[in-house]
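Q: Protein chains in written order, with the numbering used here: chain U, 1 to 161; chain S, 1001 to 1395; chain R, 2001 to 2369.
Keep in mind that the hints were calculated from the coordinates and are not lab data.
Some hints here could point you the wrong way.
What the simulated footprint calls covered on chain U by chain S, stretch by stretch (three residues with Cβ under 8 Å from a Cβ of chain S suffice, anywhere in the stretch; the number is not a length) [unchecked claim]:
no. : segment
1   : 84-91
2   : 117-123
Listed below are the simulated BS3-like cross-link pairs for lysine-lysine, each with C-alpha atoms no more than 25 Å apart in a straight line [stated by the list, open to error]:
no. : chain 1 : residue 1 : chain 2 : residue 2
3   : U       : K96       : S       : K1394
4   : U       : K50       : R       : K2031
5   : U       : K65       : R       : K2042
6   : R       : K2133     : U       : K50
7   : S       : K1169     : S       : K1366
8   : S       : K1145     : U       : K142
9   : S       : K1136     : U       : K20
10  : S       : K1394     : U       : K127
11  : U       : K20       : R       : K2015
12  : S       : K1169     : U       : K127
13  : U       : K90       : U       : K12
14  : S       : K1145     : U       : K37
15  : S       : K1013     : R       : K2215
16  : R       : K2220     : R       : K2031
17  : S       : K1165     : U       : K127
18  : R       : K2257     : R       : K2215
19  : S       : K1023     : U       : K8
20  : U       : K90       : S       : K1145
21  : R       : K2221     : R       : K2031
22  : S       : K1394     : S       : K1366
23  : U       : K127      : U       : K96
24  : R       : K2263     : U       : K20
25  : R       : K2135     : U       : K20
26  : S       : K1276     : R       : K2015
27  : U       : K96       : S       : K1170
28  : S       : K1232     : R       : K2015
29  : U       : K65       : R       : K2135
30  : U       : K12       : R       : K2015
31  : U       : K40       : U       : K50
32  : U       : K40       : S       : K1145
33  : U       : K20       : R       : K2133
34  : U       : K20       : S       : K1145
35  : S       : K1136     : U       : K90
36  : R       : K2201     : R       : K2015
37  : R       : K2027     : U       : K65
38  : R       : K2042     : U       : K50
39  : S       : K1276     : R       : K2215
40  : S       : K1317     : U       : K12
Here a beta-carbon is modelled for each residue, glycine too, at the ideal position from N, C-alpha and C.
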Amino acid sequence: MMIIPDWKNAIKVSQVLEAKYERSLGEAYSRYLNGLKEKKILGTKCSTCKSVYVPPRIYCPNCFKDNLNWIEVPQEGTVSTAVIVYISSKRERLEKPRIVGVVWLNYVSSNTVKPAIFHNLLGFSEKDVIDGSIIGARVRAKWREESTGSILDIEGFERVV
Amino acid sequence: MSRLVTNIYIKDKVAVVSAGMTKFTRRAVESTKELAWEAVNRALEDANMEIRDIECIVSGSAPDAFDGIHMKGESYSSSIGGSYKPHVRVYTGGGTGVMVPVAGWWHVASGLCDTVLLVAEEKMSPAQPHPQYVFKHIWDPITEKPLEPNLIWIFALEMRRYMYKYNVKKEDIALVSVKNKKNALDHPSAQVAEKITVEDVLNSEVLVWPVNRLDVSPVSDGAVALILAREKVAKTITDTPVWLEGIGFTLEDSMWINRELAYPLYVEAAARMAYKMAGIERPWKEIDFAEPYDPFDYKELQHAEALMLFNKGEAYKATKEGITERDGDLPLSPSGGLLGVGNPIAAAGLMKVAELYYQLSGRAGKRQVKKPVHTGVAQAWGDLLEAGTVVVMKN
Amino acid sequence: MRVGIIGIGWLGPYKEANFHFQEFIFKTAQKSYESSGLDPRKDIDGFISCQEDFWEGVSISDEFAPDPLGGARRPTFTVAGDLMQGLAEGYMMIRSNLFNAVAIEAHSLVSDIRSLDSITLAAFDPQYREIFKGKVDALAAMDMNRFMNERRLSRGEIDELLVLQKRKGIKSSIGIHSLNLSKRDLENEKYSFYPLKEIDKAPFSDFAINVVLAKEDLAKKHEEVIWIDDLWYTSHGNAIDTAEYGKAFYIERAFKKLRNKVKDLSEYYIEVDDRYSYKLLQHLEAIGFEPRRAIEDIINDNIKVNECGGLLSSGQSLEATSGLEVLNAFLQLTHKAGQCQVKGLSKAIVVTWRGLPSFTGGIILLSGE
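Using the sequences plus the hints, can you model the full thing?
A: Below is the structure:
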């Protein structure tokens, strides 16, 4: 039923859509990023259900209250999951594979919500990821010299020996 | 006919009376509107109805960024008969395909519409340099985007956690990809159906360990349409109406890193909602077959467990023993799933619901499962490990 | 089985809100749930967010919907449409008997969008983008031209209406774009595309709204309920090549369906979408008023339409715009409209539209006790 049988011979038009935004950071992220600038990891704790949020929230999704207090959390934690990245976001092969993962920080939160950071994992080998020994490993935040107030002020979480 | 289900009183049942879909391909020559039209046309022909017989329309399509069209629903509205009628577009990321019949259900059950057209379409291919690149913008701009993540990362992280928690190996998981791609050989719309082995999966390109290329469903273009009708009307359209007996949907909060990833509680919550409505108390006994969402092979296992069809971490054993094959006791993805038929994001979920319809009306042809079936469940999933949408259908 | 609005919370409209969108949604939801007396974690069993990816700047905007709404791990979903469409879904959900209470939210942080024109253009079919680039409002001007021509309306008559409506907003608590103009001032105002003047278009505002719907027996327990008597909407998508210009055909069709429910329009407070001044008349025409008569009636205060200045005074807010319209009607029916309160009307008809380049719009019939 198709008049043009294949994609190569179809007429194609290229259009670029411009979509620019400048968004307000809001209180939670502003303070979090300021904390990172000072090499601190900040979070918020709900006074009602005691859940601890890193990244921080000014309202608790669990009990829908906004009586949260700001706290500083330890910069150490354990790896909950990790993977080896071989391709870029544009689907190209990376020169050097990256290891990234989720770190659950050492702060007790009385809920199924754990304070956590998603970041690069340093000091591990590909074998550690594949055989699973990386999961549960102790790690600590490694900071860059320069602070700009971004999540990249942390270079990654490195293995604690 | 009325039924009392726990504390709700439903006056009229809602049925699926027909289905239609396009082929799923990597790059369709047809435009978004043409794909959607084709699926709708097939569904109308299947029901022997005309577009004027449709009163309301519920559609689904995932990120507008794929087509580069803002307010995408308005764009394809006219090609799906949306003129002069109420047309709403629902959107829960990958969960959209099953959210469409969920919303369609209350369009009929509310008394407002006698017939509802359900359409899910996706044209991912227009996005340049690669559709995957659109997923750059689903991340939290402050805490995640700066790390330049790729969508596959999030699945890989979840897969790794699942494997760790339940001690499931890659070779066990790969069996799902083998099964579904084989099942898809009998699906007329299939994009990537083929006979492969576990070795093929394990030897395919490693993208983000533990994910290999053959563990993943492809980028696709495609559209699916179904027609719903109120009981009295349904019986005048077809001899084999399939009843939409249960709907469920949940959205978890956006902070996926703060949760235990091995088990999707939100899918279980959605399943419970649907089962309760359908009067199902022991799904592992009462569900005859299922279409769990399988964008990655491990997902079928994880979702089958969250649908309470198997114990946590044990679905792989059933796959190994052949229980989830078409001739098994509890077939999973007899359609061939996303892994075999393709993954045009929103259309994929509705394709699974269409499979429930085909199986339960005895029209699945070569894909018809061996055992007689009366109750089926389809499920889709989406966003940042957040959305669970479930429908239960019975004949 | 009736469906009632038992709570509305809103923030704004602001010329520029300084909120992070999740905080914006949360604070609005808090106010709404408080006014409805319900705990979202226990009593509300459905949550709907009305958003479009490109307005939000996130693909997939649905991801960030549940937490600030109180819907985390509860039935929550997104409607890629405006508040009116979300309300329609909520209305159906409750009438189906499966849900007791549903919350619907919509918000707009237009001030965060730096490329508004480019994004609005992206809602046009790709084949028309080159033509309308930098000229999106020309579409409204075309429609206005035909409308004015066929109904024999003069620019002077539109000016009169504009002066009146902009002034009404001064008395409104949400009239942040109200102005005390004279007809003289308007004669000097620039045309953007003849016959449309820049001042004919409602400016953009940041705004967030959350509406709680409840089923009849739950709503009856609440001291203040505004009932949704009926609603219907129609669409023609963005098909600008096959649309019927010069009339609000999408509203005509919706009104046809609801005709039997509306016995006598004089019993109703009327709130219509007037994001372009001529639309006020066009939408009134679609529900049975003759435009030139309507202008007279508005000037002589014989009909009560957009008494607090409508969108021309409060501004328009993307997907939350129909929320402003519903809010105005709600405030009237609950006697909270302050200085622009209309007395003696217990029913309202709200006419909504999704804005350019869409032809989707609908009607909501409300009544108070």
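Q: Starting from the hint list further up, note which numbers the structure goes against and sort them upward.
A: Hints 3, 6, 7, 10, 24, 26, 28, 29, 30 and 40 are the ones this structure does not satisfy, whereas the remaining hints hold.
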